[in-house]
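Since each chain comes alone in its own frame, lean on the hints to assemble the complex.
Letter by letter, the chains look like this.
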Amino acid sequence: MSESTFMGVERDKIDWKPIINYTKCDYCMECVKFCPHKVFEVRESEEIKLIVRNPNNCVVFCRACSKICGPDALSFPDKSATTQRIKEIRKEMESNG
Amino acid sequence: MVENYAVLPCNGLDKCAGVISRELAIKLCENVKNEIICPVFYRVAEAKYNKIAGKRPLLVIDGCQTRCASKLAAEKSLKISRKVTITEEAKNHNIELRSNLRLLENENALIEIILNELNNDEDKVTLFSDETNVVYNFEYVTFQNGKFIFRVPKNPEVYYNENDCWAYVIGNRARIGVTDFVQQNLSDILYFTPPDIGAEIDQFGEVGEIESSKSLIDIISPVSGKVISINETLVQKPELINENPYELGWIAELELTDFEGDKELLIGFDKYFEIMKKKVEDLNG
Numbered sequence: 000m001s002e003s004t005f006m007g008v009e010r011d012k013i014d015w016k017p018i019i020n021y022t023k024c025d026y027c028m029e030c031v032k033f034c035p036h037k038v039f040e041v042r043e044s045e046e047i048k049l050i051v052r053n054p055n056n057c058v059v060f061c062r063a064c065s066k067i068c069g070p071d072a073l074s075f076p077d078k079s080a081t082t083q084r085i086k087e088i089r090k091e092m093e094s095n096g
Numbered sequence: 000m001v002e003n004y005a006v007l008p009c010n011g012l013d014k015c016a017g018v019i020s021r022e023l024a025i026k027l028c029e030n031v032k033n034e035i036i037c038p039v040f041y042r043v044a045e046a047k048y049n050k051i052a053g054k055r056p057l058l059v060i061d062g063c064q065t066r067c068a069s070k071l072a073a074e075k076s077l078k079i080s081r082k083v084t085i086t087e088e089a090k091n092h093n094i095e096l097r098s099n100l101r102l103l104e105n106e107n108a109l110i111e112i113i114l115n116e117l118n119n120d121e122d123k124v125t126l127f128s129d130e131t132n133v134v135y136n137f138e139y140v141t142f143q144n145g146k147f148i149f150r151v152p153k154n155p156e157v158y159y160n161e162n163d164c165w166a167y168v169i170g171n172r173a174r175i176g177v178t179d180f181v182q183q184n185l186s187d188i189l190y191f192t193p194p195d196i197g198a199e200i201d202q203f204g205e206v207g208e209i210e211s212s213k214s215l216i217d218i219i220s221p222v223s224g225k226v227i228s229i230n231e232t233l234v235q236k237p238e239l240i241n242e243n244p245y246e247l248g249w250i251a252e253l254e255l256t257d258f259e260g261d262k263e264l265l266i267g268f269d270k271y272f273e274i275m276k277k278k279v280e281d282l283n284g
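Sequence order for the protein chains is X and P. Per numbering that gives the first Met the number 0, residue 0 is the first one in the first sequence, and the count goes up by one each step. Per numbering that gives the first Met the number 0, residue 0 is the first one in the second sequence, and the count goes up by one each step.
Don't take each hint at face value.
[Said to hold, decoys possible] Computed list of lysine to aspartate or glutamate pairs in EDC-like fashion (alpha-carbon distance at most 20 angstroms, straight line):
id, chain 1, residue 1, chain 2, residue 2
1, X, Lys-32, P, Glu-208
2, P, Lys-278, X, Asp-11
3, P, Lys-236, P, Glu-74
4, P, Lys-14, X, Asp-71
5, X, Lys-90, P, Glu-259
6, X, Lys-66, P, Asp-201
7, P, Lys-277, X, Glu-9
8, X, Lys-66, P, Glu-87
9, X, Lys-23, X, Glu-45
10, P, Lys-14, X, Glu-29
11, P, Lys-213, P, Asp-281
12, P, Lys-262, X, Glu-87
13, X, Lys-86, P, Glu-263
The set of hints was computed from the structure by calculation and includes no laboratory data.
Here chain P stands alone, though its shape is the one from the complex (with noise of 0.2 angstroms):
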């Protein structure tokens, strides 16, 4: 069950989404004991929130991709733990949505299947695995610019792509995840979507998202294949891509499914610290 949560919804009246998503935060609030934020008020009764965001993780629900919730909790500072965004769930589950201000069958049935798809997430979570033990003897070099410092695994084993992504080739597996650039470029990260499990990924497809208070970016595989685990602690702390984005941060690992073909398009270590040096050096002008 979905219960001790903090809930943030969207509170966009003149938007179908966003009424689903208010809908779908008293629904939450009412069956259970989560409690609801609601984010008119926040802006102006700061403190009574806070309190509530300090004490359970936080469940937000945007309405649609402009994420004014997702914003919000940014610009508060609150940790995410969870998120919906009921555009994307209607997308998934073919609900069309429309203009409607009010909720009709389409609508009400959106409501119910995520609330099913909340409440079952603990099963989800069982089915990752528990993986985590690679031993790994990453030898890094690292560039200084100004008070940044990036760090970038030399071994031959590590692959990269142009956009700031690694990963670890150990046979016909492969754990991937991004850079210190694109760590130390969106500074503290507050949100890490996964990808799904078992779903099959090309190269340079989308193997999650990570967020924080200045910007979001998808995370661009290396190499395809089919997600085999996920890294299951980012849900709760995705501080540890900060952290080290090439060992308690990593995102995914992968079963590769065409890793020689793949190759022709990823580059060494020489070749990406280059490639890196030039984009901090034009970022900072």
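Same shape as in the complex, but just chain X (with noise of 0.2 angstroms):
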């Protein structure tokens, strides 16, 4: 499922997505089964294995993928910074009318 917007702002202008530590991800795959929205893709034939495919199929603020890694080979962006980027993006949004 892919969301346009978030809070009213372009889901592409959002920086929120996971980050795969190549040097800890031990291609088990368990993300690729556990995420709804198809965020990753499995690359079987090439040298890195497992990507991030669809960065803005995945939710704002949500986790979830990184909880369920063994190797804790998954990271995301602060939020903190997120959060105040969107805000931002919010308000250049209202005072371009």
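Now the structure itself:
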């Protein structure tokens, strides 16, 4: 499921997506099975077998995939900074009418 | 004391956290009247362990976030009463787990810490507020999709975020919870992890977790504040969230710290109801 906006802000203006630490990731693919929003993509034939394919599908402020990651290889941007940025964008939108 | 539990540990013998889980389970069953469920044998001798799990509350010990023991409990439709995750405990206590499969000083220290925490939990419970007599006068508006019914309170004191959580604000306090959209999606909720009493939560910060056999979600707080009470009943009866996530299934109560600022990113009934309907329709194609 892809949301096009979050709190009235275009989703692609909000930097919120999982960041894969490839030194920790063991390609167990639990995150792929877990995430119903198809954020991740498996690339079996590539050297890097897992990528964040659809960052805008990621539910803003959801970090659930990092909870189920056994090797603790997933992290997210700073929540407060993201909240602040959303507020700023909304203000810019208001002032631009 | 932690006693009369059925203890279901991770048995991941190829990882340090798994070895710790196993040892912790053994210690719990050695010293007090708990009974162990072997996760390996459970798969081939279901009847034996179903009987134990049917008679006693279940304590699950997960080694890491892969949560094999929790998943096994969900697969067997067992209700989890208590849960410990070794890697999280290690993180909370600044104990570094390495790849050794023999228990050394750090690992034994962690086991002792967890044992103490489990044994002190009864004291913790008394800290919870039993203030559950909030009078709700919710007026629900209903939306039906197939056999699923979604109710949403339309009262002006109830605010929502787009993460499907609500806040019922009275004065400088808010009671918070998840909406019908969450509980319908998760289906049967089997486990609730409450936030800590006294924890300072930012707006959009995590204020607990709920888990079903289908999935696990963070509860994302609509408001910022300090946790002053939790719905203690949910620890034993998480299914109340399925029954009514707005009343008996409330999650926590917060003393608000910046509600005026929070309001900027909150929505009222009209907007949330439209967003929720769209999500439901998207999910069902």
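Structure-based check of all given hints:
1. X:Lys-32 x P:Glu-208: Holds, at roughly 19 angstroms.
2. P:Lys-278 x X:Asp-11: holds (18 angstroms)
3. P:Lys-236 x P:Glu-74: Holds, at roughly 18 angstroms.
4. P:Lys-14 x X:Asp-71: holds (14 angstroms)
5. X:Lys-90 x P:Glu-259: At roughly 16 angstroms apart (the allowed maximum being 20 angstroms), Glu-259 of chain P and Lys-90 of chain X satisfy the hint.
6. X:Lys-66 x P:Asp-201: The hint holds at about 19 angstroms.
7. P:Lys-277 x X:Glu-9: holds (16 angstroms)
8. X:Lys-66 x P:Glu-87: holds (10 angstroms)
9. X:Lys-23 x X:Glu-45: holds (17 angstroms)
10. P:Lys-14 x X:Glu-29: Given that 20 angstroms is the threshold and the Cα spacing comes to 17 angstroms, the pair holds.
11. P:Lys-213 x P:Asp-281: Holds: Lys-213 of chain P and Asp-281 of chain P sit about 19 angstroms apart, inside 20 angstroms.
12. P:Lys-262 x X:Glu-87: holds (14 angstroms)
13. X:Lys-86 x P:Glu-263: holds (8 angstroms)
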